[in-house]
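Novice: From first to last, the protein sequence lines stand for chains C and P.
Using our numbering, the first residue of the first sequence is number 1, and each one after it goes up by one.
Using our numbering, the first residue of the second sequence is number 1, and each one after it goes up by one.
Calculated directly from the structure, the hints in this document are not laboratory data.
Incorrect hints may appear among the rest.
[Said to hold, decoys possible] Here are the in silico distance ranges between beta carbons for each label pair: (1) C:P191 <-> P:D56: 36 to 46 Å; (2) C:S182 <-> P:P235: 48 to 58 Å; (3) P:P235 <-> C:Y32: 56 to 66 Å; (4) C:R12 <-> P:R7: 19 to 29 Å; (5) P:G64 <-> C:E259: 51 to 61 Å; (6) P:E265 <-> C:E259: 48 to 58 Å; (7) C:Y32 <-> P:Y232: 50 to 60 Å; (8) C:T234 <-> P:A107: 48 to 58 Å; (9) C:V26 <-> P:A107: 40 to 50 Å; (10) P:G162 <-> C:L237: 51 to 61 Å.
[What the hints assert, rightly or not] Now the stretches of chain P that chain C is said to cover, found in silico as 3 or more residues with beta-carbon under 8 Å: (11) 50 to 58; (12) 69 to 78; (13) 98 to 105.
None of the values given here were measured: they were computed from a predicted structure.
Glycine residues also receive a C-beta, built at the ideal position from the N, C-alpha and C atoms.
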Amino acid sequence: MSAQAQAVRVRRLDPAAIAGVMSREVANFRTYWRGTTFSSVLEPIVYLLAFGLGLSATLVDEVDGLPYVEFVGTGMVATAVIFSSALPAMFGTFVKHRFQNTYDAILAAPVDVEELVTAEMLWIGIRSGFYGCFPLLVTMAFGLDPTPGMLLVPLFCFITALGFAGFGIAMAATVAKIDQFSYVTTLFVTPLFLVAGTFFPIDGLPEWAQVAAQFNPLHQLVELVRGGAFGFETVDLARLAFLIGFALLMWRIAVNRMERRLID
Amino acid sequence: MAAIELRGVVKRFGPITAVDGLDLEVPPGICLGLLGPNGAGKSTTMRLLTGQAIADAGELRVLGHELPGKAKAARAAMGVVPQLDNLDVDVTVEENLAVFARLYRVADVRGAVDRALDLARLRDRRGDAVDELSGGMRRRLLLARGLVHDPQLLLLDEPTVGLDPQIRTELWSLIDNLRSQGKTILMSTHYIEEAERLADEVAVMADGKIIARGRPAELIVEHAGRQTAEAYGPPERLAEVRGTAEAGGLRVRKAGPAVAIVGAERAVDGAVPEDAIFRAATLEDVFVLLTGEEAE
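Construct all of the structure, not just a fragment, from the sequences and the given hints.
Specialist: Put into structure tokens, the structure is as follows:
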């Protein structure tokens, strides 16, 4: 046996395997980061101009005592997170698995499905951690004051994105054809992003919808981001715990679905 | 210790039994050609060996590692070259290799990449994106990627399927070099010529099991005798030739426009028509007789 082969550790969740898979994502990202980053920066600007300025000029000035632009701007962090995590996870996983056979190549190396899924989730989480900050930075340009609590926003985004990455990967392992993602976006992604409390406070909703919104990870993220910008409350710890739980649950579901899909 | 040991391996996909009681032993240092028609179970066998498919029954051992439990350790010590090109096309040649060097936990990534580039003769294209390479270069890169960690065992799944003849010859010489370096190679193929060119031993696979195994020359003598006689003519004539030869106890197969009478050296008077052309028996004769499939 060659010396190199002998030195390979083959324990579970080997950091070297996870880092190897992530290095593949980084290498690919270098070829397309401009486009992704451009839309991540431009999108919140467009939303803020349309909703923030448009609505605040005519209909609403303040929400919950906040200028509407700052209310929407902080809420937009959650929008940026779900669109930079769930969607890339769904489409990226599907394309790599079914069209490019990338996972076949990776799983022929000493990497298992659990490491593969973990690496993909971590990478998407890190990316969303960055992209989630853009709406906040844009809102600062519209007048939001920076606060120390905002330094935690990348972490909140990272944890939430882990969960949605796991969700997207699990969906990619479940659908038979790529068109079926439109069911997933219509049934899950759009409602989650609309009733997260981004554009209007959820306490205006009927009571059942308010209760349901508590189970929406994006709503919890929105509240945490506003906590970071305007002051935390004790309940925010529970919100953080909820998001960690969501990420862990989605991680296990994604690993399980992908094992079924990738191993005959 | 055999590099690969399979005993009584069964793999089913719903109602289909892809691998059906497969016994296969690959001793170290040889190139074994797994020759069989499409659908014989060759690719499933390859996936079983990497732990990407889990057998329903049987024992599998690769380089001493029991599968599927120790599949990851087995994969660390072997290289795999897939049938389908799954390179990252937007990324450079060098980065494709570096990613796999990391996945294989190679300590000196740079050194491993340089070695692999030399092997694939792609050193001057290292900075180019894969989609700028020609088909032959991509295939060489795929081979080099499977060798980036200098494994002792190499699985080649239909290494030249769908390639034009010139690229195929080029790849054959690369594989032949690996064999001379003492690597153990298990190569699945449905090309007879490929098996003849590269394999020390051939195992003929059909319907999920090995139906014959040996050195090509031995297989030919054992299953097809020494000489094959080919007769040409219109269909009625060919049918008549077939009837006569079969009545004389000989085996006959279709061979393009002709019929081939196998083991013609044993023919009694009249069993082979006088105008038939005699030639040495080939592995193709064996393959077609054993599998009932026209060879490619």
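Novice: Evaluate each hint against the coordinates.
Specialist: So, going through the hints one by one against the coordinates:
At roughly 42 Å, the beta carbons of P191 of chain C and D56 of chain P sit within the given window of 36 to 46 Å. A beta carbon spacing of about 55 Å between S182 of chain C and P235 of chain P agrees with the range 48 to 58 Å that was offered as a hint. At roughly 59 Å, the beta carbons of P235 of chain P and Y32 of chain C sit within the given window of 56 to 66 Å. Here the CB-CB span from R12 of chain C to R7 of chain P is close to 28 Å, well matched to the stated 19 to 29 Å.
The hinted window of 51 to 61 Å between G64 of chain P and E259 of chain C is violated, with their beta carbons roughly 25 Å apart. Roughly 56 Å separates the CB atoms of E265 of chain P and E259 of chain C, a value that falls within the hinted 48 to 58 Å. One distance hint, 50 to 60 Å for the beta-carbon pair Y32 of chain C and Y232 of chain P, holds here, with the actual separation near 59 Å. A C-beta distance of roughly 49 Å is found between T234 of chain C and A107 of chain P, which places it inside the suggested range of 48 to 58 Å.
Here the CB-CB span from V26 of chain C to A107 of chain P is close to 20 Å, at odds with the stated 40 to 50 Å. Roughly 59 Å separates the CB atoms of G162 of chain P and L237 of chain C, a value that falls within the hinted 51 to 61 Å. Counting residues of the stretch 50 to 58 of chain P whose beta carbon lies closer than 8 Å to any beta carbon of chain C gives 5, which meets the minimum of three for the stated coverage. Against chain C, the stretch 69 to 78 of chain P contributes 6 residues with a C-beta closer than 8 Å to a partner C-beta. That satisfies the three-residue criterion, and the hint holds.
With 7 residues having a Cβ less than 8 Å from any Cβ of chain C, the stretch 98 to 105 of chain P passes the three-residue criterion, so the hint holds.
Checked against the numbered hints above, the structure violates hints 5, 9; every other hint is satisfied.
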